[in-house]
Each structure stands twice: as C-alpha cells, then as structure tokens.
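Kindly produce the complete structure, drawing on both the sequences and the hints.
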Amino acid sequence: MSDASLFLAAPPLTVDAAFEHIAAQGFRPAAPTRIGAEVESLVTSAADRRGRLDPESLKALLAVRDALPRRSRLSFEPGGAVELSSRPAASVAECFADLESDRLRVASALSAEGYELLGLGLDPIRLPRRVLRTARYLAMEELFDQDGRAGRWMMTNTASVQVCIDIGDERRGPHGIADRWELAHRLAPVLIAAFANSPLRRGEPSMWRSTRQHVWAAIDRTRARPVGEGDPREAWARYALDARVMAVRGPGRWTVPRGLTFRDWINGDYHQAPTLDDLDFHLSTLFPPVRPRGTYLELRMIDAQPGPDWIVPVAVVAALFDDPAAAERARAALEPLWHRATAADLYLRAATAALGDEGLLRAANDCFAAAREARTDPATGALLDRFTEEYVARGRTRADDLVVKVRA
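Okay, so the sequence shown: first residue is 2 according to the working numbering, each after it adds one.
The set of hints was computed from the structure by calculation and includes no laboratory data. Quantities reported herein were computed from a predicted structural model and do not represent experimental measurements. Treat the hints with caution; some may be incorrect.
To be verified - Listed next, with one range per pair, are the computed distances between beta-carbon atoms:
| no. | residue 1 | residue 2 | range |
| --- | --- | --- | --- |
| 1 | Pro30 | Gly52 | 41 to 51 Å |
| 2 | Arg363 | Glu114 | 37 to 47 Å |
| 3 | Gln273 | Glu391 | 50 to 60 Å |
| 4 | Gly52 | Arg408 | 21 to 31 Å |
| 5 | Gly295 | His272 | 27 to 37 Å |
| 6 | Met208 | Gly260 | 29 to 39 Å |
| 7 | Gly295 | Ala345 | 20 to 30 Å |
| 8 | Gly52 | Thr256 | 31 to 41 Å |
| 9 | Ser285 | Asp148 | 12 to 22 Å |
What the hints assert, rightly or not - Lysine to aspartate or glutamate pairs mimicking EDC-like chemistry, simulated, CA-CA at most 16 Å apart:
| no. | residue 1 | residue 2 |
| --- | --- | --- |
| 10 | Lys60 | Asp99 |
| 11 | Lys60 | Glu84 |
| 12 | Lys406 | Glu114 |
| 13 | Lys60 | Glu117 |
By construction, the Cβ of each residue, glycine as well, lies at the ideal position given by its N, Cα and C atoms.
In structure tokens:
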C-alpha cells in the first residue's frame, strides 16, 4: 500500500449503507443470560439546597475517603448527578450486590461531608444549571434550546433507573429479539406509572406524578419519543435517520444545525458530508425510552428510586423478560391497555395519573404479580414484595406520598 492511498477519501455514506449499519449495530443477537442497571442520583446538601457540587470536586472527595466505586462504573450527568453503572450480571442478586455496595460507599462518603444522594426523578427545588462544560453538552443544550427550556431541565435536573436486558436471539418467543422489543415497548407505560417519583418542581407539586416523564416528552421528539413497534431493526434505522443532527463536530465549538436530519445530511443538505464515525456519534445522541445498544436493550423511562429500591424495577423487568410464563402473563395483562390506545396517550396517562388510572393499575397489578411468582432471590424478592404491597396493591405511588407530605 502506497503512502498516498492512506489519504484517499472514504466512500460517501449512502442512505442504504447507513440504514444497514444502524440496523446491524443496534441489534446483535445475544441469548438472554444477563441483567444490568444504571442508577442515577441527584446530589444535594442540607446546608445549601440550591448549590451544586461539580463532578471533579465530588470525585476528589470520594478518592480522599477511599470511596470510589469498586464494582461499578462512576460517571456524571450534566447537572452533576451521579450515575453508577453495573457490570453485566448473571442474576438480579449479583447485580444488586455489586452496585448497591458501591452506592452505599458513595452515599456514606458524601454524608460525612454534608451531602446526600437523592433518589427522585426530578430535582424538587433547584432550577436547571449545567456544571459539565464539554463540547457535547454545550451542543446538546444549544440544540434543545431551539425548542424551549425543557432540554435544560432534562439534562441537569432529572434522574432515572435504567434497566439493561440482553437483546435476545433470532428465535421466536420470549427470548427472541422481536418479542423482547415488543414487550419492552408495551411495558413502558406501566413502569412509568408504578415507579412515578417526581411530583415536585421548584418546591411545589406539579400536575404530574412523573414530572420527569413530562420533561422528557417535551424535548426534541425526533430523538426522545418511543421508536415504536414493527420489525425492530427497520424501525430503529428509520428512527435514527429521521432524527435531527445534534452537532457537526470539529475543532473548537461544534456546529449545531437547525432542523437537519441525518437523512438530510446524507442527501447533501449540509456542505460537509457525513462519515460512518459521524453516524455512530449521532446514534449515541438518541434517547428513546427503549434504546437498542447492540447486545442489549436499555429501558430508560423509570424515575429514580430512593435507597436500595432501585433494584425493584430491575427485578420486575428481569422476571418478566426471562421467565416465559411471566412474560406470557404480562403480555396478556398489557393487551387491553393498548387496545385502541397510542403510546403518546398511555405515556401521558402514566405521567399524570400514574396508578390512579384504572387501566394502568390493573396492568401493573398483574405484571407485578407475575414478577413476584417468578422471582428466585430472597433479598431482592423481599424488596419487591414490600414495594408491591405498599404501593401497587394500594393503587399508590411514591409521588402520591410526596404530594401529601408537601401539602401537610
């Protein structure tokens, strides 16, 4: 190979090539054997409820106290929220043991310095303020600002429990890609409703039980709405191509186009042609409630939960996806909910009424009952039982408790 050939331009990216790449990268068959979680927590201080601890200071604090995570990965959200990401685990019990041990280490170290991890889906007091000053988050903020201020709230004031399940294989049935993709989308409104935990905004109750979900629904819909059903690979590829480009990267400040989709970019609607690397970066900027990540699916619609209860949604999802009988029971419970209803309608009902909605409550009770019957681990099973009896069986959520407390 001559030196000159090293500088030959890569072949232009076509829509067909991009479509195939997105489909292949998004869904790489993997037999279901693992579970994982990403747990976000807001960081606050009783001495200064409106202040924010920047990530470098927080990381230094943990290092000094020998409290950096040992079994999970530590990262930070743009507003300073802490995220702990588990390793792929062989069981819910293993996932819980690994991540919870690190969460307790971090929480204990922060408590000694006057800070706490807050398990809520939305910051109840602070106005949005970004503390991470990277080119990525600057571009993201500029893009979202084109549609209002919801993007700033999403970036800096929301927190969630994200559940990661293996994507499945090519077989038909509960362990197959198509069935798991469909079940994830059908289950999403029930998870929003059952774990609603963000009713407060600027110190007052909002009209939402999951204000976090309301915020996410208000940002750029081309990258945050549900992908939808149908063939998973085709649906995801179309979604990604029709999503707006967040940024065109370059030296210095990145360019943030207005209204340019990736399909438009390939078709020549921007002076600089996109590369495969640009496409991969674009995929990393898409945030649908159910996101394909190659060998696993990421369920991103669940409000953050306090203390060790982050494991409850993980246990519910694991049981309903990995136990064939539980999966079948969940499908039957969810079918009436989706009869003549759209995703937008169900997401709205879940965020506003939560388990006060009769249809969502019936589906939640059946899904949680199926998950309880399928559980195998006593420790996480006890947490699931307590949550079910205290909230789901009573048609209540943590959000309801918070509203009562504030109004008392």
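We went through each hint and held it up to the structure:
1. Pro30 to Gly52: 41 to 51 Å: Given a distance of about 47 Å, which is inside 41 to 51 Å, the answer is holds.
2. Arg363 to Glu114: 37 to 47 Å: holds (46 Å)
3. Gln273 to Glu391: 50 to 60 Å: holds (55 Å)
4. Gly52 to Arg408: 21 to 31 Å: With Cβ atoms ~26 Å apart, the hint holds.
5. Gly295 to His272: 27 to 37 Å: 32 Å Cβ-Cβ, so the 27 to 37 Å window holds.
6. Met208 to Gly260: 29 to 39 Å: holds (30 Å)
7. Gly295 to Ala345: 20 to 30 Å: holds (28 Å)
8. Gly52 to Thr256: 31 to 41 Å: Since Gly52 and Thr256 have Cβ atoms about 33 Å apart, the given range 31 to 41 Å holds.
9. Ser285 to Asp148: 12 to 22 Å: holds (20 Å)
10. Lys60 to Asp99: It is violated: about 19 Å lies between the C-alpha atoms, which goes past 16 Å.
11. Lys60 to Glu84: holds (12 Å)
12. Lys406 to Glu114: violated (27 Å)
13. Lys60 to Glu117: holds (14 Å)
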